[in-house]
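Chains as they are written, first to last, in our numbering: chain A, 1 to 196; chain B, 197 to 387; chain C, 388 to 707; chain D, 708 to 1138; chain E, 1139 to 1339.
Simulated from the structure, these hints should not be mistaken for laboratory data.
Don't be surprised by glycine CBs; every beta carbon is placed ideally from N, CA and C.
Just so you know, not all the hints are guaranteed correct.
Claimed, not checked - Pairs of lysine-lysine residues, derived as DSS-like cross-links and limited to a Cα-Cα distance of at most 30 angstroms, are as follows:
no., chain 1, residue 1, chain 2, residue 2
1, C, 458, E, 1260
2, E, 1260, A, 6
3, C, 458, B, 361
4, C, 701, B, 229
5, D, 934, C, 705
6, C, 697, D, 934
7, A, 63, A, 151
8, A, 92, C, 552
9, A, 151, C, 552
10, B, 361, D, 1108
11, D, 1119, C, 393
12, D, 1108, C, 705
13, C, 701, D, 938
14, B, 290, E, 1205
15, A, 107, A, 193
To be verified - Which chain B residues stay away from chain D? Per the calculated CB distances, all over 12 angstroms, these:
no., residue
16, 206
17, 255
18, 259
19, 352
20, 355
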Amino acid sequence: MREMIKMIVVLTVLSSFSGGLLAAVRNKTIDRIEVQQLTFVKGPAIQAILEGASNDPIVDRFKLEYEGGEASFFVGVFNGEPAKIAFESAGKGFGGEIGLMVGVDIKADKIIGVGVTTHSETPGVGSKAQTDPSFTKQFQDMDLMSTFQVKTDGGQIDIITGATITSRGVAIGVTQAGALYKSLKPQIEAKLKEFK
Amino acid sequence: MGDYILLAISCILINNILLAQFLGNCPFLGTSKKMETAVGMSMAVVFVLVLAGVITWMLNTFILQKFGLEYLRTIAFILVIASLVQFVEMFLKKSIPALYAGLGIFLPLITTNCAVMGACLINVNEEYTFMQALVASFAYAVGFGLALILFAGVRERILLARVPKPLQDTSIALVTAGILSLTFFAFKGMV
Amino acid sequence: MNSQKKLIVSHAPFLHIGSGITERNLHIIYAALPALLLGGLFRFGIPAIGVVCLSVSTAMLWELLMNRAMKRPVSVGDGNAALIGLLLAMLLPATAPWWLVITGTFVAIVIGKQIFGGIGGNAFNPVALSVAILMVSWKDYFDFNGMLMNYDPDFIMAYPLATLKNFGVSGIEQYSISDFLLGRQSGGIGATFGIGLLLGGAYLIMRGFIRWEISIAYLAGVFVTALLFNLTDPTRYADPFFHIFTGYTLIGAFFLATEDSSSPVNFIPMLIYGAAGGLMTILIRNIGAYIDGTVLAILVINLINPLLDKIRPKAMGKVV
Amino acid sequence: MIKRSFFGFTTPRIQYLPMPGQVTTPAPLKRPDNVTLLVPCPAGDVDDKLVQIGDHVKSGQKISLTSAPGAYGIASLSGTLSAIDRFPGEAGREYTAVTITAAEAETLDNAFEDRSEPTLENAAAFLACAPGAPSFEPFTEPDKPIHTIIVNGMDQDLLVMTAQYTLAFRMADIQAGIKFLKAVTGVENIVLATPRDAMHGYGEIGASVMTMDATYPSGLPKLIAQKVLEKEIPNGKSFQDMGVCFFTAEAVASIGRAFSDRQIPFEKTITFIDKQGNRSLISARIGTPIADILKEYQVSLEEKDRIIIGGPMTGHSIFSTQYPVQPFTDAILLQDHGDIALTSDYPCINCGDCVRMCPARIQVNLLVRFLEAGFYEEAAEAYDLSACLECGICSYVCVSKIPIFQYIRLAKHELGRVASEETATEEATDE
Amino acid sequence: MAKSIAQEFTKGLWEEIPPFRLVLGLCPVLAVTKTVENGIGMGLATTFVLVCSNILVSSLRKVIPGKVRIACFIIIIATFVTVVELVMQAFTYPLFLKLGIFIPLIVVNCVVLGRSEAFAFKNGVVRSLADGLGIGIGFTLALAALGAVRELFGNGTLTIWETPIQIFGPAFQPFTFMVEAPGAFICLGLMLCLMNLVSSK
Ligand SMILES: Cc1cc2nc3c(=O)[nH]c(=O)nc-3n(C[C@H](O)[C@H](O)[C@H](O)COP(=O)(O)O)c2cc1C
Ligand SMILES: Cc1cc2nc3c(=O)[nH]c(=O)nc-3n(C[C@H](O)[C@H](O)[C@H](O)COP(=O)(O)O)c2cc1C
Ligand SMILES: Cc1cc2nc3c(=O)[nH]c(=O)nc-3n(C[C@H](O)[C@H](O)[C@H](O)COP(=O)(O)O)c2cc1C
Ligand SMILES: Cc1cc2nc3c(=O)[nH]c(=O)nc-3n(C[C@H](O)[C@H](O)[C@H](O)CO)c2cc1C
Ligand code: SF4
Ligand code: SF4
Ligand code: SF4
Ligand code: SF4
Ligand code: FES
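Could you build all of it, start to finish, from the sequences and the hints given here?
Structure (structure tokens):
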């Protein structure tokens, strides 16, 4: 019996120590981890899209809630104006979800760039969506509010050879980004005003 | 249904847990000297991995994610797996002694086997649905068994070859495992 | 019980049929010559001769170095190293750079053969292993289209299997089987000349240096699998004859799959082994990632060989 | 001999060579100066009340070394016992070598005349050393009764023609032998195994005739027994367990001659094969040193030549020309040092030739790996070592020239030794 | 029996260097050694866990009941693994991404659990510290060496910290097999052979 109690006590104490330590470390690191994730996972795409911005878009970000979720918006300041933003979207690809970063010029509602952040497509086939810029370049300067479809489906986007599903996923993702943008535009503009 | 079959094939052959993901190598080298132990270990892994995959998936979805405790995933998973193995061991000993006699010595090895923990983590990282997690866990375990049994066959052969002294045993086994892994390249791109 | 003359005391039997390893290897080399000389060296010229010489000589050199390093009797003379070098060269493009050849023979002799204890110990075909490793590392040399720049022949020099992979069946209509048989195609130095390989294979089978069951089952496996694919969708999958006479199929059937140490010896296992090899070859070509699946398919069947060995006739008087 | 044919995809058939037409009677050897009888008992056990150096013996006289029933030899020469020595035989067996130096005159012993009733006791007590070495031991075990006697008219090995000669020219003796065998043993079912091409009318011989294929190794006892019994003999079972027992044709002829002439025969028919491969038949007294035969045939031995007792596939080579002719010495084969088949140190290359040829369907390619590594128990358990007929074909065809047959005999020998040691310790602990 | 503290430390560098001598903890060794940097990172992370858990286990060894010791070890190890996970995410995120699930898998690395069980539970704090540090650094060295060989031949570069250094010049076409999965096995096998050769001399 004594041994039993000792076992329980030791295990409890150890677990609380563990829980306490981890909670403490977690609290200390949580913000940094988020920044790091943004910098290294989404950072490259954001940097590419908002190239030439005078601020650090990863620092200057805000969140907006919408039905069923929350989205982060990264602000790019050009010529002193917070004129362009980048935000996330996703489409379903061949190997799973394709994370997208879509950049838009607020004034014209035109796409300034699309980048793939995360994916699990086949290397050398679907992965070209991320590595081969000529595919995502097609979206540039198009109206974000329009519907994007690959040519196989009767749309305007050329597919990546051998990766129709990936291409379709990206097109759908960008279309969804347009829908989100449309629904949140008022709030975005409000936030940007605050930003100034 | 077709999706699940593709997932299974991919987990067994293309993303083979041992040869492509590098998980579970210690038992791979440790239990492949004899065909008998290889078969025993394979069965034990199938048994535990499927259970562990399902339980950790539920733990992650219904508890950790719900309460924002994902950072405790590692500690939670290892405790679940360790207790699960204990439990399975006790259960088998009591109710299916014949199976226990076969699997018994392999069960404790599995607690500290990367394959089980790794497969559970992959299930969660890939954000699989419950069914996908179930299929993937089973397929990973089958892939583990397949590789282990094929490897044991080749190792039994090599045991009798005139392998130079410094290469004997683990060293030549690793080289062979490399060739085995190369062989699985044949299945690349098939799914 | 003393005797004036020293007699030899040894064990039965006191006769031997007269076969030998050196003889065996030499005959396999002879069998490879038609395809090599007429199909390879004649067509691809000086660079091909260079590759063959380098390959054979370095293979023998590695063998010698390993014999020395392992303090074993020198086994270069048995011809196996030369054979491995020759077969490797026959699979390489004529434009292979020198370092590719040397790396190839190193892998084949040292990793593939010697560290497993030399001849007879290897569980995998050393040549197939070596080519697979080279192919994984330097893919471009094995689509053979790199040779296009160096030659200006009167036939289509694009590698048929690469064309098939990239352009589908519509791309391969320009080729003809008779060209393949006459060696009028691109490919490994000794792998293009269909008639030569068939002759060599027939010689080996007739003389009993290879087990015919394996070669025939392999070719049958290729044929049937390719036919099934072809029947399901003739616009995507090429016909079986195309698959048999291009790429490494023939050299694989007669010279690679039949390697002694890594293949089974009983009848049913030989049939399964060969057929599985043919099946894998076509699977890789038609739905896999690689242009030619032969060498990887052979490694796959090498891998299942120990399990196939468990299928065997019941020994006389065995009590079960 | 049979070399690899040009066309290798069929398995080579190894044929027993028929006896050349001109051979009719074996050439008798001239009387030796001394003979050496090998008696199966350790030299230390010799009872000097029964036998001593200096004793005079007559030809055909029984020389008992101990009171045990089997420990005797039959003098094949009249003279004086000049030496009684230890003689280490094959496979660790112990013999005692009894040497008789010839006296001037040849006198015949007549002890057997009084005991020539065809009974089992008489046969066992006098005929065990007759040419062909008939063994009556199987009939002394009541719990394992013998129901079939097989008279083996097949030569055990290639080139040998002793049995062929006996069948062709001593049919009357065989016939008489069969009659006496029935009387001695009480077994009615007697089968004569003959080569296919020896199938000519024997008339009524008192035994059924079974013809065997003329392809090696069909003359090995196990294959004959299986054909007679029409089933495979399970591994680990002896002929005795299956109720069969073997006599060579010559042994049966000896029995026939002994009981009809009331005299124990001691002239052995031997196939003599010289270095050029010429085969002849000789008739020599049991115990004659091989050196005498070599001298008579004017054979000159070179350094590193080989003398083989038995045939080329299964015989034993010997180290001394003083080795005597024994009751079972069917053949003496000389081999020039130039023709000696070399063995090599190469590993098995898995060519499969041995597997295709093995009459016992053994996976020799796998078996040999275990034997080389010394894993005899695994070899026996998983790779059917015990099924081996000891025909030697696997070694004969092996591309790597591995001494497989030697490994097999060694492995069986070792396993037998271990097993007998185990039973010995078990018995010791039981007591 | 009685080894000095220094010996406890140095034994991990050669005599008992994992994974060569103790054939344990192979998975990270094979999986993350595509570059030197990955190898070192993985090694240091493991060392951290090894040292911390060794210290804690040895200081608590009188308190922990024998029956539940494995459970206690696992809790302790898992705690430190999680600390490393969080810290690496916060400070060396790219490295964390490359090492992937092998960081959380330190928890099942038998080298770590093995040292707790075989050494720390039976020895004092200072000895356990020396032992953990020695084994950890040995492990790091092994990973770095394997990483160096594979990266050099497989990519023609060496990466110590973030930027790869070209070694063979631009004309070099790398032997990519070496950075693929099979290359890892074969390379480790041959290094083990080399190691056996050296120590048999
Ligand atoms: C697990 C772990 C691994 C580390 N690996 C390395 C390394 O491989 N190379 C290195 O220079 N520093 C390494 N460090 C040291 C930290 O990265 C260093 O404190 C950090 O880089 C400093 O932060 P900063 O450069 O972001 O300002 C490692 C630290 C930890 C905890
Ligand atoms: C063991 C050894 C391996 C070598 N491996 C390579 C190699 O893989 N790649 C390479 O370019 N050079 C290798 N070299 C050769 C030298 O690095 C050579 O100076 C360098 O490659 C220059 O050759 P290049 O000018 O023809 O490129 C190796 C040298 C040795 C001794
Ligand atoms: C043993 C050895 C191995 C070599 N392996 C390679 C190699 O794998 N890849 C490579 O590009 N060069 C390799 N070389 C490099 C050559 O020395 C040289 O770099 C190459 O011929 C450059 O020629 P290229 O520019 O025509 O490719 C190797 C050299 C040696 C001595
Ligand atoms: C048709 C044939 C092909 C062979 N191919 C190979 C080969 O690819 N690699 C090899 O090491 N040996 C090869 N060998 C040699 C064989 O495995 C064995 O080592 C030799 O036959 C021994 O004399 C081949 C043998 C034959 C009969
Ligand atoms: S205990 Fe298990 S995980 Fe650890 S080394 Fe052994 S097999 Fe690998
Ligand atoms: S052949 Fe075998 S059984 Fe005969 S003596 Fe030699 S070792 Fe002994
Ligand atoms: S000696 Fe060889 S061939 Fe003859 S039965 Fe035995 S194993 Fe088979
Ligand atoms: S014949 Fe010799 S080399 Fe060929 S498989 Fe048999 S044992 Fe091996
Ligand atoms: S490290 Fe041991 S199984 Fe992965």
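Each hint, compared with the structure:
1. Only pairs whose Cα atoms come within 30 angstroms are accepted, and residue 458(C) paired with residue 1260(E) is rejected, the gap being roughly 45 angstroms.
2. Taking the CA atoms of residue 1260(E) and residue 6(A), the gap is near 20 angstroms; set against the 30 angstroms cutoff, the hint holds.
3. The suggested pairing of residue 458(C) with residue 361(B) holds, with an alpha-carbon distance near 11 angstroms, which does not exceed 30 angstroms.
4. With a C-alpha separation of about 26 angstroms, the suggested pairing of residue 701(C) with residue 229(B) holds against the 30 angstroms cut-off.
5. With a C-alpha separation of about 17 angstroms, the suggested pair residue 934(D) and residue 705(C) falls inside the 30 angstroms cut-off, and the hint holds.
6. Distance check on the hinted pair: residue 697(C) and residue 934(D) sit about 29 angstroms apart at the alpha-carbon level, within 30 angstroms; holds.
7. With a C-alpha separation of about 34 angstroms, the suggested pair residue 63(A) and residue 151(A) falls outside the 30 angstroms cut-off, and the hint is violated.
8. With a C-alpha separation of about 27 angstroms, the suggested pairing of residue 92(A) with residue 552(C) holds against the 30 angstroms cut-off.
9. The hinted pair formed by residue 151(A) and residue 552(C) meets the criterion: a straight-line CA distance of about 23 angstroms does not exceed 30 angstroms.
10. At most 30 angstroms may separate the alpha-carbon atoms for a hinted pair to count; residue 361(B) and residue 1108(D) meet this at roughly 25 angstroms.
11. For a cut-off of 30 angstroms, the pair hint linking residue 1119(D) to residue 393(C) stands: about 29 angstroms separates their Cα positions.
12. A hinted pair counts as satisfied when its Cα atoms are at most 30 angstroms apart, and residue 1108(D) with residue 705(C) qualifies at roughly 27 angstroms.
13. Of the supplied pair hints, the one linking residue 701(C) and residue 938(D) holds, its CA atoms being roughly 14 angstroms apart against a limit of 30 angstroms.
14. Using a Cα cut-off of 30 angstroms, the hinted pair residue 290(B) and residue 1205(E) holds, with the two alpha carbons roughly 21 angstroms apart.
15. About 13 angstroms separates the Cα atoms of residue 107(A) and residue 193(A), which keeps this hinted pair within 30 angstroms; it holds.
16. Chain D leaves residue 206(B) outside its interface by the beta-carbon criterion, the shortest separation being 35 angstroms against a cut-off of 12 angstroms.
17. Interface exclusion of residue 255(B) from chain D stands, the closest Cβ pair being 46 angstroms apart, more than 12 angstroms.
18. Non-interface status of residue 259(B) relative to chain D is upheld: no Cβ of that chain comes within 12 angstroms, the nearest being about 51 angstroms off.
19. The beta carbon of residue 352(B) is not kept farther than 12 angstroms from every beta carbon of chain D, the shortest such distance being approximately 10 angstroms.
20. Interface exclusion of residue 355(B) from chain D breaks down, the closest Cβ pair being 8 angstroms apart, not more than 12 angstroms.
This entry does not satisfy hints 1, 7, 19, 20, going by the numbered hints stated previously.
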